[in-house]
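For what it's worth, UniProt numbering labels the leading residue of the sequence shown as 1, then goes sequentially.
Please note: incorrect hints may appear among the correct ones.
[Said to hold, decoys possible] Cβ pair distances, simulated, as ranges:
id: 1; residue 1: I233; residue 2: G271; range: 52 to 58 Å
id: 2; residue 1: L288; residue 2: Q254; range: 25 to 31 Å
id: 3; residue 1: E224; residue 2: L123; range: 56 to 62 Å
id: 4; residue 1: E259; residue 2: F136; range: 54 to 60 Å
id: 5; residue 1: I318; residue 2: G269; range: 19 to 25 Å
id: 6; residue 1: G91; residue 2: E224; range: 51 to 57 Å
id: 7; residue 1: S160; residue 2: C103; range: 39 to 45 Å
id: 8; residue 1: E221; residue 2: Q144; range: 18 to 24 Å
id: 9; residue 1: H115; residue 2: F136; range: 27 to 33 Å
id: 10; residue 1: R228; residue 2: E188; range: 37 to 43 Å
id: 11; residue 1: G109; residue 2: I220; range: 31 to 37 Å
id: 12; residue 1: V292; residue 2: E259; range: 37 to 43 Å
Hints in this document: simulated from the structure, not taken from any laboratory.
Positions of the beta carbon are idealized from the N, C-alpha and C atoms, including for glycine.
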Amino acid sequence: MMRDRERGTRSNPSASCRLQLLVFCFDSTPPPSVHNGAVNGGRPSLVDARVCRPPLTLELNRSEFLNQEMGQALGCIQVDQSTVAIKETFGKFDDVLDPGCHCLPWCLGSQVAGHLSLRVQQLDVRCETKTKDNVFVNVVASIQYRALADKAEDAFYKLSNTRSQIQAYVFDVIRASVPKLDLDATFEQKNDIAKAVEQELEKAMSHYGFEIVQTLIVDIEPDEHVKRAMNEINAASRMRMAANEKAEAEKILQIKRAEGEAESKYLSGLGIARQRQAIVDGLRDSVLAFSVNVPGTTSKDVMDMVLVTQYFDTMKEIGASSRSNSVFIPHGPGAVKDIASQIREGLLQGNAARSD
Numbered sequence: 001m002m003r004d005r006e007r008g009t010r011s012n013p014s015a016s017c018r019l020q021l022l023v024f025c026f027d028s029t030p031p032p033s034v035h036n037g038a039v040n041g042g043r044p045s046l047v048d049a050r051v052c053r054p055p056l057t058l059e060l061n062r063s064e065f066l067n068q069e070m071g072q073a074l075g076c077i078q079v080d081q082s083t084v085a086i087k088e089t090f091g092k093f094d095d096v097l098d099p100g101c102h103c104l105p106w107c108l109g110s111q112v113a114g115h116l117s118l119r120v121q122q123l124d125v126r127c128e129t130k131t132k133d134n135v136f137v138n139v140v141a142s143i144q145y146r147a148l149a150d151k152a153e154d155a156f157y158k159l160s161n162t163r164s165q166i167q168a169y170v171f172d173v174i175r176a177s178v179p180k181l182d183l184d185a186t187f188e189q190k191n192d193i194a195k196a197v198e199q200e201l202e203k204a205m206s207h208y209g210f211e212i213v214q215t216l217i218v219d220i221e222p223d224e225h226v227k228r229a230m231n232e233i234n235a236a237s238r239m240r241m242a243a244n245e246k247a248e249a250e251k252i253l254q255i256k257r258a259e260g261e262a263e264s265k266y267l268s269g270l271g272i273a274r275q276r277q278a279i280v281d282g283l284r285d286s287v288l289a290f291s292v293n294v295p296g297t298t299s300k301d302v303m304d305m306v307l308v309t310q311y312f313d314t315m316k317e318i319g320a321s322s323r324s325n326s327v328f329i330p331h332g333p334g335a336v337k338d339i340a341s342q343i344r345e346g347l348l349q350g351n352a353a354r355s356d
C-alpha cells in the first residue's frame, strides 16, 4: 500500500499529498499531558503517537511538505526572499534569520516563531470627520509601510496588530487637522494633512521597527447633498460669468452699431448738403440763363417752372418705387401755383420776423 501511495505521488507531483503524520512527544507544542511532565516524568520518549496527540491529517503540497516537515526533521529550514524568520530557543528570542537555508537543531530547543515580510505594504484608511464649516467628509488615506530588517525583533514582538495601530494614529491626526479647515481649504491643503499624518506615524512606528514609506490623501468625499450643492454653486457662478460676458458682447455690438449709424448719418448729411448746394447752383444758373435767353421773364416765372418740374419728378419717383408709402398731394397742375404762393409767403414771413 505504501508503494502504491508513493507511486501515485510520483505520477502527479503537482497534486496535494494527503499525509498521515505521527507527531513525537518532543514536538515544540506538546499536548498538555506531555508538557506538564505526566509522561515518564516529563522526559521525552518514543511512545505511541496516540498517547501524545491524535494523528494529524494535513493537506500539504510536495514543496511545502519538504520545506516544513522534512526540513525540520533534518534540522534545516528555508527563508524566502524579502522575508526574515524569527528564531527562538526554548521560547526565548535568539536570532533573526535572513533569506536562505539555515540549520535549526530542534533537539536543542530551537524553533521558528514566525516569519516577517520586508515588502512594502499598503493600508487604506477611511476616516469620517467634520470640517470647520460643519460639513461631514470621508477622508481616505493610503499608508505605505514596511518592516525594517535591523529592527525585525521589535516589529515582531512589540506589536500584535500593526494595521490597527497605524489606523488609530491616522484617525487621531486626521480628526485633529481637518476640523481646523473649511471644506475648500481641506481640498487645497490635503498635502499638508498627508504630511502631518506621515510625520506622526514615522515618529510613533519607528519605535516598533516599521518605516513609513509614503502617506497619501487619495480622496476627500463630502456628503452627496453637499457635493450637489457645490456643483450648483459652481454652475451658477459660471452662468453669471457667461451672462456678464454675453451682456458685454451685446454692449460692444450696440456701441459699434451706434457708431456706424452716426458715421452713416454724418456722411449722409454731407451728401444731402452737397446735393442741395448743387441744386441751388443749378437753379441759379438756370434762372440766369432763362432770363437772358427769354426776354421779359421774371425770376418768379422761372421759379414757378422749376417747382412744376420738381413736382413731376416727385410724382415720377413715387410711382416708380414699389416700397414707398402713400403720399397724398395736390394732383392738379394748377395747385402748383398755390404751393409756390405758400412757399413765398413763408419766406416773406420769415424775413419779416428776422427784421423785427
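Right, here's what the structure says about each hint:
1. I233 and G271 have their C-beta atoms about 57 Å apart, which keeps the hinted 52 to 58 Å range intact.
2. A hinted range of 25 to 31 Å is violated for the C-beta pair L288 and Q254, which are about 50 Å apart.
3. Range check, E224 to L123: about 26 Å between beta-carbon atoms, so the 56 to 62 Å window is missed.
4. Distance hint check: the CB atoms of E259 and F136 are about 57 Å apart, consistent with the given range 54 to 60 Å.
5. Taking the beta carbon of each, I318 and G269 are about 24 Å apart, inside 19 to 25 Å as hinted.
6. The hinted range of 51 to 57 Å is satisfied by G91 and E224, whose Cβ atoms lie roughly 55 Å apart.
7. Take S160 and C103: their Cβ atoms lie about 30 Å apart, and the range 39 to 45 Å is violated.
8. The beta-carbon spacing between E221 and Q144, approximately 21 Å, falls within the hinted interval of 18 to 24 Å.
9. Checked against the given bound of 27 to 33 Å, the beta carbons of H115 and F136, roughly 41 Å apart, lie outside it.
10. Taking the beta carbon of each, R228 and E188 are about 21 Å apart, not inside 37 to 43 Å as hinted.
11. Checked against the hint of 31 to 37 Å, the pair G109 and I220 fails, with Cβ atoms roughly 54 Å apart.
12. The hint said 37 to 43 Å for the Cβ distance between V292 and E259, and at roughly 50 Å that hint is violated.
Hint violations for this structure: numbers 2, 3, 7, 9, 10, 11 and 12, all remaining hints satisfied.
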